[in-house]
Each structure stands twice: as C-alpha cells, then as structure tokens.
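Visitor: Those protein sequence lines, which keep their order, are chains F and P.
All residue numbers for the first sequence refer to UniProt numbering, where the first residue is 1 and numbers rise by one.
All residue numbers for the second sequence refer to UniProt numbering, where the first residue is 1 and numbers rise by one.
Among the hints, a few may not be true.
[Said to hold, decoys possible] Here are the simulated lysine-lysine pairs, BS3-like style, with alpha carbons at most 27 Å apart:
#	chain 1	residue 1	chain 2	residue 2
1	P	Lys-560	F	Lys-58
2	P	Lys-116	P	Lys-560
3	P	Lys-560	F	Lys-62
4	P	Lys-456	F	Lys-62
5	F	Lys-58	P	Lys-456
6	P	Lys-31	P	Lys-186
[To be verified] Have a look at the derived ranges for each label pair, beta carbon to beta carbon:
#	chain 1	residue 1	chain 2	residue 2	range
7	P	Pro-461	F	Pro-107	23 to 31 Å
8	P	Thr-95	F	Asp-126	34 to 42 Å
9	P	Thr-95	F	Arg-133	47 to 55 Å
10	P	Pro-461	F	Arg-29	28 to 36 Å
[What the hints assert, rightly or not] Per the computed footprint, the stretches of chain P lying under chain F, defined by three or more beta-carbons under 8 Å from a beta-carbon of chain F, are:
#	region
11	211-221
12	608-619
Source of the hints: derived by calculation from the structure; they are not laboratory data.
Computed from a prediction, not measured in an experiment: that's the story for all the values here.
Here a beta-carbon is modelled for each residue, glycine too, at the ideal position from N, C-alpha and C.
Listed below, chain by chain, are the residues.
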Amino acid sequence: MVDFLGWPLVRQLTGADRLGRGAAAQSPRSRDLEPRTRSADRVVDSVCPFCAVGCGQKVFVKDGRVVQIEGNPASPISRGRLCPKGSASKQLVTSPTRVTTVRYRRPHGTEWEDLDLDTAVDMIADRVIATRRQFWRWEDEQGRRTRHTTGFASLGGATLDNEENYLMKKLYTALGAIQIENQARI
Amino acid sequence: MDLQNADCILIEGSNMAEAHPVGFQWVMEAKKRGATVIHVDPRFTRTSAVADLHVPIRAGSDIAFLGGLVNHVLSNDLDFREYVVAYTNAANIITEDFADTEDLEGLFSGWDPETKRYDPVSWHYEPPARMSDDDVANIEDVQDGEPVSHEAAQSDTHGSGGSPLPWKGRRDETLQHPRCVFQILKRHFARYTPHMVEETCGIPASEFAKVADALVANSGRERTTAFCYAVGWTHHSTGAQMIRTSAILQTLLGNIGRPGGGILALRGHASIQGSTDIPTLFNILPGYIPMPLAPLHQSLDAWVEDDEGKAGFWGNIRSYSVSLLKAYWGDAATAENDFCFDYLPRLTGDHSTYATVKSMIDGGCKGYFIVGENPAVGSANGKMQRLGMANLDWLVVRDLQMIESATFWKDGPEIETGELVTEEIGTEVFFLPAATHVEKSGSFTQTQRMLQWRDKAVEPPGDCRSELQFYVDLGNRIREKLADSTDEMDAPVLELAWDYPVDETGEPDGESVLREVNGTGPDGAVSSYLDLKPDGSTACGCWIYAGVYADEVNQARRRKPHWEQDQVAAEWGWVWPANRRILYNRASAAPDGTPWSERKKYVWWDPEQGRWVGKDVPDFVPDRAPDHTPAPDAHGPDAIGGQDPFVMQTDGKAWLFAPLGVADGPLPAHYEPAESPVANPLYPVQSNPGRRSLKTPSNPINPSRSEVFPYVFTTYRLTEHHTAGGMSRTLPYLTELQPEPFCEVSPRLARERGLVHGEWATIISARTAIEARVLVTDRLRSLRLGDRFVEQVGLPYHWGGNGLSTGDSANDLVNVTMDPNVFIQDKVGTCDVQPGRRPRGPALVEYVAQYRRRAGVPEEGDL
Ligand code: SF4
C-alpha cells in the first residue's frame, strides 16, 4: 500500500508547515544529507592557487581524499569568500581528465607512450647534461668570461611555490642556464 | 585590504571586479564609506557597472590620458606641494645637456639611431655644489662613460633598489630653476591638453574633467586616492612608462606611502609576485640582485660596485649578495674565492622568453622545461611558440592536465594547416604530472607581497609530484652523474649546497627551504636583512624575505583571524620586507614627523621615545629623527636623511624624473602601439623608438594606419577562466559557466561588417586568423578621435584546442613587440573582422597570406 500520509501535500495540510517551505517539503534524502564539511576527518589551511588575491581556503579531507574546499572566514584578505575559480578548485584535484602517469613521445612519434617515472627523470638528467655541454660558452666574442649555456631554457614559476622557484633558480644557475623565465614576463 | 581606506579609487588597465573578484570587495568597502570609484577601460565591465564613473579609452593610449592628468595638476598648481618639495626629486636640477621631447621632436637627448638605444648621461642630476670625495670619484666615472649602464636588463634589476645615482645633486626647493625637475615636467606635459586627450584616447573633455576633479579633490593632507592596474598597463611596448606616468601623478598628489593611497598592481597568478621576488627570471637573482653581465661584472667587487655604500638599504648590496652566494655554495664559498662569484653565469644580452623562443626557431636552444605554464596558448604569437617547440631536441612539460604545449606535435593548429607534420617533428616530449596546491606544502606570495603558507592536505596520486621533489631529484641525479668530473664547468654543480633531506615519499621538507631563503647566521635563523653580513658569516637565499622564518618559526603560516586583530592584521601571513604592509610609510607623516592629518594617521615620530611608531612596521631607520642630516661621508642606511622616505632610492626621494634606469626616456611620452590605426597625435615619432622587435618570419607586423587592418583588438580575461586555461578549461564547473570563446564588438562595427550576434566571426591579423562567436554589445563603445571613429574588438584569450571547452587562441593574433625595459609585449594590435568561420587547413595559410599582401606586409616578416 502506498503510504500517502507521507506525501508532501498531506504533510503540508496536516502539519505545522502550512506554506510548504520547510519540513513538509523535505524528502528523506535531503533530510539525511549532511554537509561534507561535517563528516570530514581533517580540515587543512590552504590558499587559492588561481589569482594573486590569495584567498584563504579550508580543505576538507576524508579518507585521504579531498571532499570539499571552502573559503576561510578568518582570512583578513578574503573573509571567507571565493570566486568561481577558487570555489571550483576541488576539481583541480579530483578532475577525471587529470593526468597521473608519465607520458612520453619519442622523436617523430605519432602517439604517447608509457614511461616509468624514475626512468623519465633519469633520461631528463642525461639530456640536461648533454645539451648543457653542447651549448656551453666560456667566453663572449670579446673574450669576457660568461660561464653559461644557452642550450636549454625554462618557463614557469608563477603558479608554483616560493620554495620551488628558489630551488629551480638555484639549480639552473649552478648549471649555467640563463634562459629562465616565467609568466611575470608574459 | 588597505584599499578600503581610500577616498577615491581609479582602476585603469584592469577589470578588477571580474579578474580579482574577491579583492574587489575592498573597493566596494571603500565605496560604502563614500569613496569615488572610477573605471577607465576600453570595455564596460562589471567593474564599470558599480563604479561612479566609467571612462572608455582607446587601448594603448593610457600615457596620453595620465599625462593629461599630470598636466592638469601641474598647470593649475594642484600638487601636494609640501610633499612634493620634501619627498620627491622635483627640486633637483638636471644637467644643461638634457633635451626633452619638446626640443627633439619626440625623442630625448642621448638617442642613438644606430643602436636604437639611449645613453642617459645627459639626464643626470647636476652635481652638487660641494662635492665629497666619493662624488668626485663618481663624476670621473661618469665622464669616462662608465659604469652608467642603461641596458634594459638593468632598469628592471633595480626594481628593489632604484638605479644607483652617482650623487644626490643640487636642489632648488623653490622649484623655480628652469632646469629643475618640476619645471621640466611642466614643459614636457604641457602638450597633454584635454583636447589632445580627446584626440588620442577618445575621451571627451567633459569626462576628463570629472576624473581630474575627483582625483584632486581626494588627495592632500586629509584624503588619499589609490590606483589599481593590471596587465592593461604592463602589456604594452610602452608598459613601464604607463606605470611611471601613474607614479608621477600619484607622487605629485602625495598619495604614495600613505593609507588608502599607492599604486596597486593586481597580479594574475597565485605566486607571480613570489616568482619575481625569488625569480625564475633571466635577469635577476633572488631579492632583485642583478645577474652579472659579462661586459661589466667579472668579480664580486665589480658586481656590487655600482650600488655598494650608496645611501639607503640597497647600499648594503654586498651583504645581500655574499649571503646569497653562501646560500648557494655553502662552505665552498669563501672570502678567498670571492664567495664563488665566478660560479655565477654571466649574461650577454637579452635572454628573455621571446628572445629564447626565437633562438629555438633558429636552432640555438634545444631543451625546454615548461613548468605550470602553457605558452602555446598563454604567450603572444602562439605560432612562434609552437614553431620553437617543434625545433627542440627535448621538451619537459610538468602540469596537471594535458595542455596544448604538450600536444602541439599531435594536434596543434599548424598540424591542421600542414605547416608542421607530426612525423617530421623531432622533439622528444616528456609529460610529467604535477601535484596540486593541496598535495604539497609551500608558500605563495600574493599581490600585496604577503607570503601565505599552505599545509599539505593529501598525497598526490600516481606519478604526480611537487616541483620541489622533481628539482631536488633532478639535481641529485645530475650531481651523481657528474660526480667524477674534474671539468671546471661542473664545479658549481658539484659544490652546490644541495643537501635536502626527503621524507619516505621522497618529498623534501619545504620549511627547510624556506628557512634557507630566510637566511641563517651563527645564532640560527636571522630575523631581518639588517642581520646579514658581507663577511660570509651569514647565508640568505633572498634578503627581502629575511624575517619570514624569524625566531625559527614559519611566520608565513600565521593564521590569526582578522576579528582578533586590527585592520592592518599584522599576524596573518608575513609581508616582505620585515612584515611591513605599506611601503615607504615614512611618507604618511609630514617632514617634521607628525601625521599629515588625524584622518590619515599611520606612522609617525614619537619624540618621547625617540622612535617611529604607528599602526604598521615603520619603513625607516627606527630611531632616525625627522631633522637628522647625514654626515657627508655616510654610507648605506646611515646616509638616509630624516626626511628621505624612499629608503630604497639612493637619494631617498621619489623620482618624478628618472635620471637613470629607464631605457626609453627619463619621462614618459605617448607613443602608439606597434600596430595602430592612427598616427601619433603627440609627436612625429609613431611608436616607442626603443621598442624591441623580434625579426623572424613568423612575427610579421601589421603596418600602422592600414586600411586592411582597420580595427583595434585587445585581449582580456574572464572571471571563470584562468590565463591559458590549463587550470580552468579542464574543470567541469568552470567550463559550464564559460563554454566557448567570443568576441565583443560594438553595434556600429557589427553593422559595418555585417556581424550577427550569436553567429561566428573571423578575426584576422598578419599572424593568423581565428574564429569566435559574436557578441554585439554597447559595452564596447565606438570611440570618436577627432573626425573619425575607432572600433575596438574585445577578445578573451583563454582558449586552445585541448580541455573540456575548446576554441581558437586569441594570443595567436598578437604580435611580439616589446617594451625595452622589461621585454613584455603589446597585448593590443590591429585586425580585420569578417562574418563567418575561418578557412580550414592549408586554406587558412593562404587566406592570411592574402591579407599580408594586400596590406603590404613583407613576406619575410618584420625584417
Ligand atoms: S578565489 Fe578567486 S579571487 Fe580569490 S584567489 Fe582564487 S581566483 Fe583569486
């Protein structure tokens, strides 16, 4: 038998919620919903990774996975607000199209191939060493010491952490690489 | 946050409400308190919608408009005179040899038509009447033609220091001397009349007057005006001078170093400020220390000579530089070996990104790391970028998603047209997946120089790794492979201080890197850059960040809620330098040290305590009395006078006139963008004479005033997307909100070209043609310049071929012509617009070639 007493219309007419805007209209599903922010195991302080306003974020983690990212009300910069980008930032982590394995395209190849991460980094190290040497210059045309290589370049940094930029510039400089740039130039 | 204290906010070159939405709440907060908000922009946007006044302007004509405002202030004596006399170089007298654009038909003295560079020797301050020994030595150097350098790389590198002046110079504080800066300025800007503004910018004199009146009414002792800008100023071949014009105006009005004042650069990436401070940039080292230049710097002494001992904190350059070398090379860096100065590579010219791309096309650069960027979409002239990448031996792309820069060999636009063939491209491509912002801990520096630390929330999936881990690992491997080398070339790599402990997942400890950046000495972490020493007893990775790890505590991790603090909120994050929120805040007090007004009280001199006190960390020597006059032979910070608030400048004054350090003139002058539909109304010189062009066939330039390319285009961003789209076109939420590219055109232009709202249009420049949906809107107003109209096309630039939302890249239309100071390109150009979709395949190449022929563009490009 259908339990018509549970129908929203009946509940509205018989219950306290005569306008049908609250309890009368609520389904069991919506009644049982709980904010993901409440069931999270941990909340971690973070910062929005998009623009340079630097809005504060609260990252809600459950079972080792990010379940929600919200604005941090305590931030004097953002006072809890996030724009559409900051609000969507959970999808940066959980996006189904996110690439999580190394992809490799050999010279003249027409398709991506798989490659082990360890092998990839090793191959890159070999190429850096070889290219650096191939384009090494001790002196300019007038015999002034340059101690640099123009064999390889790097672009990027504005989306990275200060600590990362620091190590990049440090390593590149020690290698004599000078064409080191980022979005700030663009 | 300090924006809320402004009485007037002028937003120009930025659509703040849409591009920096959460930051914009402080503009609205100010407005609620009665501030006037003005938006000067080619388009009517959501920023304009809530502004008190929207003034449409022709893209690229900002110097003419701001110059008009400067002229208004000067010719009506509306400047904040006490501030100007005491705190700026208005009173300085310039040498007799200086000649202005007024005298030389649009050029300054020192122009060399051969090299297309200026020699700034004639722009100098007249030497002081009584010279110290140092001054005498300096004058001899200048007369010998050295070491004054105006290389572009240097004008940028003095970002934190200001260029080193040989002397403080002679001053006439009555401002009457015909060669004093104030009088030079008056003459220079006299031609920037409201009529000229109307002719150049398309801004009617009545609108201009409203802006001028609002700025003047909201400046002075009792009130302050703030300026906000973004890439609408920086992305021009005259970009640095646009910002300088605003600085001149704000300084004349007395709005620098005071609450609710200043010029706020709204930066576009989470840590683009950080990646400038701790640069991944070619011409500087951390803390804006210049990279050494081969012709000038072959020893530590030569490297620091120009700056060392000059007045101000920059005068301690040797301490900062030696400490950096110690952070890099640790124990290997000793006084005997010049602290490994020789291990630094030296520059031989422009090694910036566009020059590098040209070098890739020419075969001079064979390897490329792309780390969280997408130049195939995000850099100007995408074709050049892709042709460069197609000519590499190897390419490493590190990103979260499969971006266009990683797949150009497979499905780039040139594959479609047949200009590139997959099988013929020899580039070996490694795509390495990266960790997101919640999968690593580290700090970003946001647009007001605030470092905020993020804690790691979860582990990255699969092969995803942080850059920290990748680079530590890469460095370790390279060092292992070279371990047995005795080649001198490899010594800097092998002796590098590169001992970064990692945890069980291989992740290095980010806080230990931040501590290295902060600096250490015999007593552990240093607490300020004043602790740094020139003798090698301290190490510091970035002197302006010294203090971020003071007391061995990660100060960037502080999160005291704003409701438990005052408005300055000094215990949230950490702001460089020294957790100081407003720079040059000594200027918030009058010369005698008292606040300019009760209303704008911020930092002031407390005679009882004999110290500067206030709401912020004073940006001054803490106990330097307002009436202090430095001894003539004082050096560094000791040489800062009690009334010299601009403590990073060698003369302690704000520079209305730049005697040094700006590549394209000591004063701003309006020049047209490299591609413009009009003749320069101001001078017979059409475009910035010092502009840098890239002469390569893939970078052809539309001739100015071409009837074939009659319209102006300008690119911009949307709230729902992020720059080149790698972090937004891949997210379902954002893609749903902004699903495809479009072009905004005025109803008049739509009629002229038969464009239909919602249908397709093709936009053509000499580089290529792209297609987009048509949005016919009054938001773009047809501008009247004298007896003609100029139409502008607005193009959001986020799209490319990959992701959930795809479309042609607006940056493919943009040419590369660069500002000579900072090598940043114009974002405006000229174009044609036609109804319908663009041709496909090889037909597109022919279509654009026909346009070039009709317009008379040389086939070989800009040669
Ligand atoms: S939430 Fe929006 S405004 Fe805030 S930092 Fe992120 S992108 Fe910028």
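Visitor: Does each hint hold? Answer for all of them.
Guide: Quick rundown of the hints versus the structure:
no. : hint                               : verdict
1   : P:Lys-560 to F:Lys-58              : 14 Å, holds
2   : P:Lys-116 to P:Lys-560             : 53 Å, violated
3   : P:Lys-560 to F:Lys-62              : 25 Å, holds
4   : P:Lys-456 to F:Lys-62              : 14 Å, holds
5   : F:Lys-58 to P:Lys-456              : 11 Å, holds
6   : P:Lys-31 to P:Lys-186              : 33 Å, violated
7   : P:Pro-461 to F:Pro-107: 23 to 31 Å : 29 Å, holds
8   : P:Thr-95 to F:Asp-126: 34 to 42 Å  : 57 Å, violated
9   : P:Thr-95 to F:Arg-133: 47 to 55 Å  : 49 Å, holds
10  : P:Pro-461 to F:Arg-29: 28 to 36 Å  : 30 Å, holds
11  : 211-221                            : violated (count 0)
12  : 608-619                            : violated (count 0)
Hints 2, 6, 8, 11 and 12, counting from the list given before, are not met by this structure.
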